[in-house]
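> Given the structure of chain A, go ahead and fit chain B onto it with the hints provided.
Residue numbers (my numbering), protein chains in the order written: chain A, 724 to 1052; chain B, 29 to 204.
Certain hints may be false.
[What the hints assert, rightly or not] Heads up, simulated DSS-like pairs for lysine-lysine below, C-alpha to C-alpha not over 25 Å straight-line:
#, chain 1, residue 1, chain 2, residue 2
1, A, 890, B, 86
2, A, 919, B, 111
3, B, 111, A, 777
4, A, 993, A, 955
5, A, 778, B, 111
6, A, 897, A, 919
7, B, 111, A, 807
8, A, 919, A, 862
9, A, 807, A, 890
Since the hints were made in silico from the structure, they are not lab data.
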Amino acid sequence: MIRSEQIEPCAAAEHSGAWARRHVLDIEDFSVPEIELVMQTTSAMKEILSRPLKKVPALRGKTVVTLFYEASTRTRGSFEMAAKHLSADVVNMTAQASSVTKGESLINTLNTIEAIGADIIIMRHPLSGAHYCAAPHVKANLVNAGDGWHAHPTQALLDLYTILNRKGRIAGLKVVIVGDVKHSRVAHSNIWCLTKMGANVVVCGPPTLLPEGLKTAQLLFPGIGVETNIEKAVKDADVVMELRLQKERMQSGLLPGLRDFIAGYQLDSKRLALTKPDSIVMHPGPVNEDVELAADVLHGGRSVVNDQVTNGVAVRMAILYLLAGSREQ
Amino acid sequence: MPSKVVITSDEMRRSIARMAHEIVERNKSTENLLLVGMRTRGVPLAKRLAANIATFEKIPVTVGALDFTLYRDDLNQRQPSVKGTDIPGTIDGKAVVLVDDVLFTGRSARAAMDALIDLGRPEVIQLAVLVDRGHRELPIRADYVGKNIPSSKDEDVQVKLAETDGMDEVRVASQE
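Bound conformation, chain A alone (with noise of 0.2 Å):
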């Protein structure tokens, strides 16, 4: 069977004219139609998935640099088996083996890169907005893999796909978002994009752990919950999705200890119980098993997390594909 999943072209997406943007920087300004359009192409690359020949020419003589300044496995690979089976030739750099270390600027690098002859450049970078300050400078077409606390874009998307495949619809849903919400870049790029798509999110965490701002973040987005109890917030949730926790935030004093954390928010099964019976569990990976989510919750027929891995590299293709058409104004 050769099919494609049947996420409903939707009339805006009709044409590509919804996508104008050379750059990936944000999901904070995506257009609902721009989303749709990321949609209904995500839905036509993961058939490409299904097939023996996983390959298509679509980016052909085309070239795709990843760059990471901060460790990545499946974001990286997800990025280049994306490039790949598009037909993209895919160079990539760490900063540890590159210029960076012998003092080059960041901006001094991306020209470099696009010297050599990149065509598109995937970046990560640990500080919050360097590809805001990067994407004046660069012709290639630049797309955030990751900066800091504050944007990972093609997480929240594949994020999004995944909870559309599965739930047929976004609006109305109860999304709710546990852990060390104020350091996630994965959170904040979920809750500007959910929030757009209609869903009702609701966060969840130690008060250490959540944003300081989030009175304002209830100006911008009136709908959203914050809630520190964990059975309280996923009661008749459609959707959970824990977020990694980093070790050193024990280290750094915001959290007394691991058993307190899993004591208090992870999501084993008598909370998943009180979850809408066909709810499901989502994580960004990598999971630390048996702290955000309990063993059999992680492996249990509710979770997604692999569904998540293989729609991020139909989400990655179909952002290579949308971005290599756009044209420098």
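For chain B alone, kept in the frame of chain A given last:
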């Protein structure tokens, strides 16, 4: 822009019925037959051909939809949206009839054949079009033609189908 009707709704119905007969005649049996519509307007045409064949032969014919956007040779100039391929079962060993509304330069047919071959190894690929307007830029010809419509290169052949446009009609419009 002045335009004139070159195929009416009745003529279109008869052309499709004739093409359906020709497809059955040429392929001898319908068991191995797979009609694949080229997105966008090839898909409803493929469904109509299949419905005709099903009526004559009392056998359902499989229909699929092919999105060949990612195989186009002009992706550097434009970026059409991708709607996806949807073909039931395998195409290995099948007699595939590609269906499109207009055959013009032949570039779409080339892209569609490349897209198809990446999905498997059909026994044979044939091409059915509602309108052949000439001006080929590649060595490609159609096996089944609804109507040959000689046109000049700067004229516009507009196919309307009930499924996509609310009515059945083909017009030729000249640019002035």
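> Does each hint fit the structure? Answer for all of them.
Hint by hint, here is what the structure shows:
1. Restraint check: the Cα-Cα separation between residue 890(A) and residue 86(B) comes to about 39 Å, which exceeds 25 Å; the hinted pair is violated.
2. Note on residue 919(A) and residue 111(B): the hinted pairing holds, with a Cα-Cα distance of about 23 Å set against a maximum of 25 Å.
3. Distance hint between residue 111(B) and residue 777(A) is fulfilled; the C-alpha atoms sit about 17 Å from each other, no more than 25 Å.
4. Of the pairs offered as hints, the one joining residue 993(A) and residue 955(A) holds, with about 13 Å between alpha carbons and a cut-off of 25 Å not exceeded.
5. With a CA separation close to 17 Å, the supplied pair residue 778(A) and residue 111(B) stays within the 25 Å bound.
6. The straight-line distance between the Cα atoms of residue 897(A) and residue 919(A) is roughly 14 Å, inside the 25 Å bound, and the hint therefore holds.
7. Between the alpha carbons of residue 111(B) and residue 807(A) the distance comes to roughly 20 Å, so the proposed pair stays at or under 25 Å and holds.
8. Between the alpha carbons of residue 919(A) and residue 862(A) the distance comes to roughly 29 Å, so the proposed pair goes past 25 Å and is violated.
9. The suggested pairing of residue 807(A) with residue 890(A) is violated, with an alpha-carbon distance near 30 Å, which exceeds 25 Å.
The structure shown violates the earlier hints numbered 1, 8, 9.
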